[in-house]
Amino acid sequence: MIYRESGDFSTTYQQDSQTFPIRFDRYRYYVLLVLAFAVVPFIINDYWVNAVFLPFLIYSIAAIGLNILTGYCGQVSLGTGAFMAVGAYACYKLMTAFPDINIFFHIIISGGITAGVCVLFGLPSLRIKGFYLAVATLAAQFFLVWMFNKVSWFYNYSASGQINAPERTVFGVPVTGAQTEPWAAYLFCLVFTVACAIIARNMTRGMQGRQWMAIRDMDIAAEIIGVNPLKAKLSAFAVSGFFVGLAGALFFAVYLGAVEVGEVFGITKSFLVLFMIIIGGLGSIFGCFAGAAFLVLLPVLLKNVLVGGLGWPTDLAAHLEFMIVGALIVVFLILEPHGLAQLWRVAKEKLRLWPFPH
Amino acid sequence: MPETLVFAMEVFLNGLMAGVLYALVALGFVLIYKASGIFNYAQGVMALFSAMTLVGIMNGQVPFAHLINATFGTDLHYFGWNVPALLAILLTVVVMIGLAWAVNQIIFRHLVNQEPIILFMATIGLAYFLEGFGDIMWGADIKKLDVGLPQGINEAIDEATFQIFDYGFFIDNLDIVATIIAAALVFALIVFAQYSKQGRAMRAVADDHQAALSVGISLNFIWVMVWSLAGFVALVAGIMWGTKSGVQFSLSLIALKALPVLMLGGFTSIPGAIVGGLIIGVGEKLFEFCFGIGQCFGGFINLGGATELWFAYVLALIFLVFRPQGLFGEKIIERV
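Residue numbers (the numbering used here), protein chains in the order written: chain C, 1 to 358; chain U, 1001 to 1336.
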């Protein structure tokens, strides 16, 4: 009923290769964009931005990055937290060293720097595979966090060892620092998230994405049919690092404002982003958003229900949150290993036929 | 003998002891991985959970006291009795076997034939669940564990080394006991795997699931048995680490320390876990001593300490680039 379409009648290549071939999907996408850009900024307040929207948007970018590496190219990484830290610290150094340049460029350049670091740690992936690689990325996780703690050049020799985002503006509106309006921070992150999603979506359905998927499905076979594993794997690490670095820079500059590296970018962050792409769906851009939304909203919801509604102590609620997240992951893996994205796909297939079953 | 060298020898011995404890955790991984192909990330949390359960039973804590108090407004904390250590350990073993059975029935029976990475993720989920569950059941505060193992400096070694080097080595009694117990455990496991009927069945399952099934071995039974064994190993590791540094959240992080041990030794090899553990234990202590706090070569390289956090991983990473299957792992053969 919802999808009124009768067959697939593409008459031009352009029609054939569009992202949303069904008109209803396309309009829904436009409506969503209009809502996100033109309506939400006017109605949100500080609580919603800080508790829901900013973490959702930023984690979505990180999840897209990790999904490209793990979901599309099949290289499991447990170093996401550290790569986010690289983005954050690169952004901090750039912001303090070149205060005249717009922060927009700082964030993009810190993504590029993270891409470089990520490629460096991706080099062993040419020889190490599977679990061995996953554990090898832990080397990046622990080494980088240790380095940002020990080498005081990274935090400009400040006594606390923290990094603090100075105030920076875009078009005269502050987007970092204490003076930031909620809507400005939201819009700033939204621009990045939408751009990242569009880039990632188009990359993964083009030649590059097909090469990644070939490597994921079986790297030796891919090599035989002419995919260069060196290029494919390292480009996945680079692109993934770029997105994760962007997310780290935004996380530090716009969302938190002050960061202590061991606390914010520890191993738990790596696992959190990994959970997002598992629950959302490996190898799906929509899944990144779904997973990020799920894991950002779940703690907020649990806190409101358990602490606010039932009056439980906060530590008990925190433990229960651990249990629920763990149980949900297991349940998802058992019932639907392909995550929320697959559920959505199945629902869409059903809706196309509804109300006629065949 | 130069002073630095004597210090380095002490560090070396302490590293050897720490390595045994790493090997103990790594052993649990190897057992499960060999028999079911599951890379069990939850091993560290299992050690934490078993140690918590042991302390809880010994002190007569009321399980879920915090939860019950919060929902019903009661004020329960302790039953008011103390269980002797040996009985408490037995009860904990029963709990771990129950856990193994539940894990197998609820989770892994439904995930047979899934890709290894999915199984790995499931164990991460299990780790989170168990962590929250343990905290709710026994409370998240740091607990003291004392099952009567000797602790403190070993006087005999201290005096003997003092007479030789003019400097007494500090070696904890607990570490010595841990080494002996770990060695005994490894020996027992090898004997069990080689000579008992169940051990043979376990190796058959590890070799080939289908072939084992076709000669009448119950996969379910073997898996429950292996998870129970891993739970038992986790309990031993939990007792050692818990006695050493208190039962607390950081105990579950030893799983992360065991990972590079496994990579060095190879995922499928019991001797590999032991050798890998010793290499990592000694390596990270010596590296910290030499370069972390700059004691060798006149402080030529001083990285500012805490290198133990990453040394094991970087060592494993570099090592793997040259030998991707680890020291004793089976050679990886890939076919298209």
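Derived by calculation from the structure, the hints in this document are not laboratory data.
Warning: the hint list may mix true and false statements.
Short, incomplete list of chain U residues facing chain C, as computed with Cβ under 10 angstroms [to be verified]:
1) F1007
2) L1253
3) L1256
Think about it this way: if two alpha-carbon atoms lie no more than 25 angstroms apart in a straight line, the pair counts; the simulated PhoX-like pairs of lysine-lysine are [what the hints assert, rightly or not]:
4) U:K1331 - C:K129
5) C:K129 - U:K1034
6) U:K1143 - U:K1244
7) U:K1034 - U:K1144
8) U:K1197 - U:K1034
Please read all numbers here as calculations on a predicted model, not as lab measurements.
Where a beta carbon is used, it is the ideal one built from N, C-alpha and C, also for glycine.
Agreement of U:K1143 and U:K1244 with the hint, judged by alpha carbon distance not exceeding 25 angstroms = Satisfied, since the Cα-Cα distance of roughly 11 angstroms is no more than 25 angstroms.
Would you check whether U:F1007 satisfies its interface hint, that is, whether its CB is within less than 10 angstroms of any CB in chain C?
-> violated, 23 angstroms
Is U:K1197 close enough to U:K1034, meaning Cα to Cα at most 25 angstroms?
-> holds, 17 angstroms
Is U:K1331 close enough to C:K129, meaning Cα to Cα at most 25 angstroms?
-> The hint holds at about 13 angstroms.
Holds or violated: is there a CB of chain C closer than 10 angstroms to the CB of U:L1256?
-> holds, 7 angstroms
Could you check if U:L1253 really has its C-beta closer than 10 angstroms to a C-beta on chain C?
-> Holds - the Cβ of U:L1253 comes within 10 angstroms of chain C, reaching about 8 angstroms at its closest.
Agreement of C:K129 and U:K1034 with the hint, judged by alpha carbon distance not exceeding 25 angstroms = holds, 18 angstroms
Distance restraint between U:K1034 and U:K1144, which requires alpha-carbon spacing of 25 angstroms or less | The hint is violated at about 34 angstroms.
The structure fails to meet hints 1 and 7 from the earlier list, while all remaining hints are met.
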